Amino acid sequence: MGKIVKYKLNGVEREAPEGQLVIEAAKDAGVEIPHYCYHPALGNPGNCRMCIVDVAGAPKPQVSCRTGVREGMDVKSDTDAVKRAQASALELHLVNHPLDCPVCDQSGECGLQDYYMKIGQYQSEVREDKEHKDKRIVAGPHVMLDQERCILCTRCTRFVDNVTKTHELGIFGMGHTERIDVTPGMTLDNAYSGNVVDICPVGALTDRDFRYKVRVWYLDKTDSICPGCSRGCNISVHANTARPWHNDGKRVARLKPRMNMDVNGYWMCDDGRYGFTNLDADRLGKVLRLSPVKTELSWVDMASEIAPLLGEGLAVVASGMLSNEDWAAYKSLFADKLNVTQHYFSSEPDQVGVEDELLRRKDKVPNLKGAEALGLKSGSFDELAKNLASGKIRTLYVIERDLTKIWGDKAAGLLAKAGVSILQGPNKYALGDSFTYRLPATAYVEEEGHFTNFEGKIGAYKKALSPIGDARPDWDIFALLGKALAAGRKREVAA
Amino acid sequence: MTKILTKHFDSEPKFHELETYRKLGGYESLKKALGMERAALLAEVKKSNLRGLGGAGFPTGLKWETVPSEDKVPGPRFVVVNADESEPGCYKDRILLTRAPHQLIEGLLIASYVIGAKDSFIFIRGEYQNQYDILEKALAEADQAGLLGAVKIHLMRGAGAYISGLDTALLETMEGKKAWPRQPPPFPTVAGLMAKPTVVNNVETLSMLPFIVREGGEAFAKIGGPKSGGTVVFSISGSVERPGLYEFPMGVKLRDVLLACGGPLPGRKLKGVIPGGTSMPPLMEKDLDIQLDFDSVRAAGTFLGAGGMIVLDDTMDAVEIAHNIERFLTHESCGQCTPCREGSNWSERILHRLLDGKGEAADIDNLSRVGENITGKVICALGDTVGMVLKGYIGRYPEDFKKRVKSNG
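Heads up: the protein sequence lines correspond to chains A and B, in order.
Heads up: the first sequence runs through residues 1 to 495, numbered per the working numbering.
Heads up: the second sequence runs through residues 1 to 409, numbered per the working numbering.
Excised from the complex, chain B in its bound form (with noise of 0.2 Å):
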């Protein structure tokens, strides 16, 4: 099974310090770029349908090319890596940052490279000290062996916030500011860090670019699926034998995924797959033979998301799983706009209520109605979210919420 992230961690223990990172061929790419042209650069990443794998899977070189050229907004451009991970069920990038931090800094200073940025950052989420200081210790090392070149790479950490995983309130954390997202337009590639362009990018997305420019983007293209390029990372959970990193190719079968984590667990059956960590509605039992790619997973009626697989098995309740989703979510909204500072906390309510066994069958229409008055209608991905979980579950898993309804009689 073809691997590029995670292909050397089974075999090199070493591989998160400088030495053994470019005994294996670490930053030959970053030199190859250097002497490329920064457009045959964004050309070949455009090629190579990868995509922003911190859970929107936006195309990344279409993201890249609407940053302005330099002749037509002048000034500072910046580069910042979302290592925010926040949300329930992803450790993908915790792991990559604390086994691959030089190839994610590589990727960075290819990025930087290539978009004009001489000042980027690396937003890394608070809770995140080991790997802080696993970044600060290969940033040091990177500088010493003055492969930074002209490209200064701050550090920042988060202060806790959820939000702050979502682009536009990253920045304004960044700015010093309370994480509220942004509406855009403007858009971060043209108006982003203290209103200058700026390129918002995962940890994962990022460190695939050394490969991209050392095997070219149609190699990396051809080992994913048709619109998603390269391989995925899952960080699986759940009701499996073997949790943890799993790297596939684009496209993958969720049975071959189930397989190779040993899910469900033996003796249980399996009542679902949240594909992309809490946000997404889980995949069913008829969904085993599709293909995960963002499209495919899209087509599902959920979504790929940043790979924080879990695997659901029957001795697991809809209702609870609903409601320990949408305690996060009512803990984590930002409280910017109505539907989902007050949809969010509502929801949770009427959820507890029926966990309590005073639920009324009202309570689960109006549930299904305050989650679609909020999707849609909200600034951001976490209002939406929460009106797509109560949909998500109430749809998937009716008869666990009829069971909790008090009866008449």
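Next comes chain A alone, as it looks inside the complex (with noise of 0.2 Å):
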């Protein structure tokens, strides 16, 4: 990019790096220009030429995806010329796109709908038929087709070319028959496959995954971090409580990516976004202790009561899962107050996965790095699986787990060794009735922290959902137990 120039924009004076698009240039000042083609990371094949402007001395209208800013240039976006030039392009792509939005999940978040309320808004003219093509093609296991709401804007096609380059999708036929379709004797099922849903600026290409269940505009948008990797993407998490009874009662409708150029770009992988939308399954509501008889404990009650079992032989299972703010209140209560030795948090053997050169990281938890930089370290599983068999370990606490992930078969075994176990996590897991105390806590969409990415880069998440049951987040109840063991030896003390 060039020197900074004057130009001219609507009237008003303005300065932008010569050569910057102009689209992206109005974009900078305030000023959107309609478009579907264009996007900054697949480019600016200009075939939907809705971004017309006016540039004084051309010859004719300019579209502002391919055209540089220059020093003295006299842009207008907004003239009666330029509204009706972007009304006949938007015209002319509704002229065979089939008026289904009722049934179409696009509807609340497409692009004809929101360029037609807002630069359309002209009685049809068109009294032929609709052009007919093909309406339910299952294109991967993710992503459903529609031929005929495509306005063939070809940024499909460009993300399969060019950013994933496994070109599962293609432009086939020619003229007004032209369509997209699956490439013969592929399926559109890259890691990333769900990316072409979110660029896709109409309903040609939906979520089968969130299809039918609920209307977007009953979502609440709230930014937060992809748990999935370590890449820490940065996400959008839309969640229904407008509406419970839809969307099979999960919460979580959907993750989109949100765009950051330092991490994600505009993307996130299939995992990710497919992953963890079903956070509300197998919940632990409740702090109990299960044995020997199960038993509805307080918090507080709770924290009395297993404040004095941590202590000699105690060792901690943990995950990358948990925020900056849950490894410092972790560090405080274990390693600072309880001299605890026996730390296993690592992601092998079961939080790794496939590594690939877009976004994919190997460690399939969120922040390694923040236990990392507090100086935390994790020894290995084998470790502890030989500790707990010898019968060196008192207390197990296990925190968002699950054992049979790691050692399989034997981890029930294993895990009836120590005298005492606990499990403190949103959910479950596969070993949740056998430990002895069950400590809820929040799941990420419920509460807000930070997560370390593994370049250091630091995210920050919010809270999207209230807490499900007795929920508390993890630094919380660290902190609860770190204050009922305070009090414990004050206790002794003044005994």
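Read the hints as simulated data drawn from the structure, not as lab findings.
Predicted model, so just to flag it, every value in this text is computed and none were measured.
Positions of the beta carbon are idealized from the N, C-alpha and C atoms, including for glycine.
Please note: incorrect hints may appear among the correct ones.
Sample of chain B residues facing chain A (criterion: CB under 8 Å; computed from the structure) [to be verified]:
1. Gly116
2. Cys334
3. Gly335
4. Gln336
5. Gly343
6. Asn345
7. Val378
8. Ile379
9. Ala381
Taking the hints as your guide, dock the two standalone chains into a single complex.
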């Protein structure tokens, strides 16, 4: 990008880097120019012809996604002629577009609807029948394709050609019968396929997971961080609490990537997108002592009951699911107050997976870096298994982790070796009924906090939903235990 | 009448063979060119006022001049012959390829020398199987005679899309992609085939080069009008007694062309003359005395195009003609940009309704409006044409359209 130059936008003098696309410069200046095909990460084919502007001296209207800012340039995006040109481009997009908005999932966030309300609002002159194409194509495990709704902006084909380089979608035929389709012999099953739904400006590509579940205008959107791996992709949690009888009772309806050029760009992977939507299954609702007799406890009673059990022979199993705030409280309780040396939170063997060059990282938890930053070190789970087997461990404190995924069939036997066992976390997991105590913690969507990603970049996530049952954030539980510990010591001193 | 390209067509049935072509002075211009400075040759071409005869009429010398020099942009550069003649009404390249393949090859070799191309291409319409065979044979003859020198000429065939005749779509096709026009800048002369500097010229344009080299640019310029040098070859069809190929100096009067070919047919009245292929709106009776060169025809509200002249008479109906052309354009729209993809099809269907007798008065206004919303707002010239044809025929023959509207009574 070149030097800063002065140009005029709708009569107002402005500055922009020379050569910056007019559509981008306008966006920076707070002026939205309608567009479908242009996407900052996918280029500017200039095929939708929506972003037409008037440039003084040019013989005909220019597309602002292919026009660079020049010194002294005079751009107008708000003249009657420009508005008419944009409205007529929209009209041509709608000639063959089906009016199935009432059953279309894109309704409420559709580029055609939005621009129709903003710049269209004309009476339709189309007296001809609509073109018919295929409406129900299963493009892949996550995506449905409706060719009739497609406006051929080619964002999706550019995504699979240039971003994932997997080419599962292509443009077939020519002219008015042209259509996007799945490349013969392929299926849209790359690890990032869900992104084509996000970039599709209309309802041509929809999410199989989300289809017909809930209307988008009922969704509350909250900034968050994907906990699926150590990339820490910025996401938006779309929750449905307004219509609890929709979406099969699930509160989180879908996750969408949120643009952050320093972390994930515009994308997120399918593992993250579809792997964390059902957070409400098998939740721990109550604070429980399970043995010898199943008894409900208050948080305070639990704390004073458990605190004395924490000490000699304590091992803690945790995971990178904890936030920076959780890790700080964790360190204060276990490392500083209790001098625990046996910490086990390594992602090996159960929380590792596929890594690729785009986003996905090997560690499938968001915040191992946060523990590392506080100087915490993890022992190996083989060592923990040995110590459990030899009876060295009297108390096992497990935070948000499924032991069967670490040790398989041996997990139950090893857990039984610990005299006292505590499970803290949002979910029950496989051995949830075999612990002595069960402490409900909040899921990441029910708390706020920070994750430090593998590059050391800190991302903030906000609270999207209320906690279920008596769940508290992990750091709060650690603090409660810390207080109970201090109180207990005072009593000891007093005695 | 001065003829350049078709001079020997009547007298020399074997003009397509190397022996005959050389006997008549063929390849002497190439020899002369190779002995000249490249800059001097370019100066001659500029002086000649030779303009792109594929339809655009862009000054050939100016186009060549925008190719960056080797010291600025090192690496290969290409010359591509556009022989993808597909405009309805145009068949001049077909005849030129059939009768004078060596004239083209000589011109191509001269251009390649000026541009500095070591690899040059002839992209020929896929349906031109005979012409492909003729070219292949001619290239073999020229090669055997050692005339190609350091230049390798590659023959490539199109796969049937009209849009491939547009230079940037042609380059996309050559690269093995869907024939979707590019949007300059950069222009092909800067980044063309495989993003290398590439000159794309029409068959007729390059065939003029041997004459320009032999006789000089000034002599060529003198034959034509003020800003369009040399001659132009019309392929004439429609309401004429003698359809066929006619070569005239640039700036010839429309009246004289009609006299030569015998149009319109006896007993018919002239309705109009499509000057350059169906994409151009017709010239009218009042235009009989205009000069046929790029600028004068443009001033008359249409384009000289690629010389595919079609004479219309009073037995023909403007709605049928417009529908026929729009149907073709709808079929050939590449589908890349929305206004052309949707607009061509929409207007064709409205026209179809008019032909069916189900048209309403509002349809005609709507057609004009749709046309206006397409022209100038699309990626390439095909889209512009969709609107231009609507405007052209509705504007020139309003009565024909009104007749098609069902009466309210």
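Here's how the hints hold up against the structure:
1. Nearest Cβ of chain A to the Cβ of glycine 116 of chain B: about 30 Å, over the 8 Å cut. The hint is violated.
2. Given hint, cysteine 334 of chain B at the interface with chain A, holds; its Cβ is 6 Å from that chain's nearest Cβ, closer than 8 Å.
3. Contact between glycine 335 of chain B and chain A, as hinted, is supported at the beta carbon level, the nearest pair being about 3 Å apart and thus within 8 Å.
4. At about 5 Å, the closest approach between the beta carbon of glutamine 336 of chain B and any beta carbon in chain A falls short of 8 Å, and the interface hint on this residue holds.
5. Annotation: interface hint on glycine 343 of chain B holds; nearest CB of chain A at approximately 5 Å, less than 8 Å.
6. With a least beta-carbon distance of about 4 Å to chain A, the hint placing asparagine 345 of chain B at the interface is held under the 8 Å criterion.
7. With a least beta-carbon distance of about 7 Å to chain A, the hint placing valine 378 of chain B at the interface is held under the 8 Å criterion.
8. For the restraint placing isoleucine 379 of chain B at the interface with chain A, the shortest Cβ-Cβ distance is roughly 7 Å, inside the 8 Å limit, so the hint holds.
9. Using the Cβ-Cβ criterion of 8 Å, the hint placing alanine 381 of chain B at the interface with chain A is not satisfied: the shortest such distance is roughly 13 Å.
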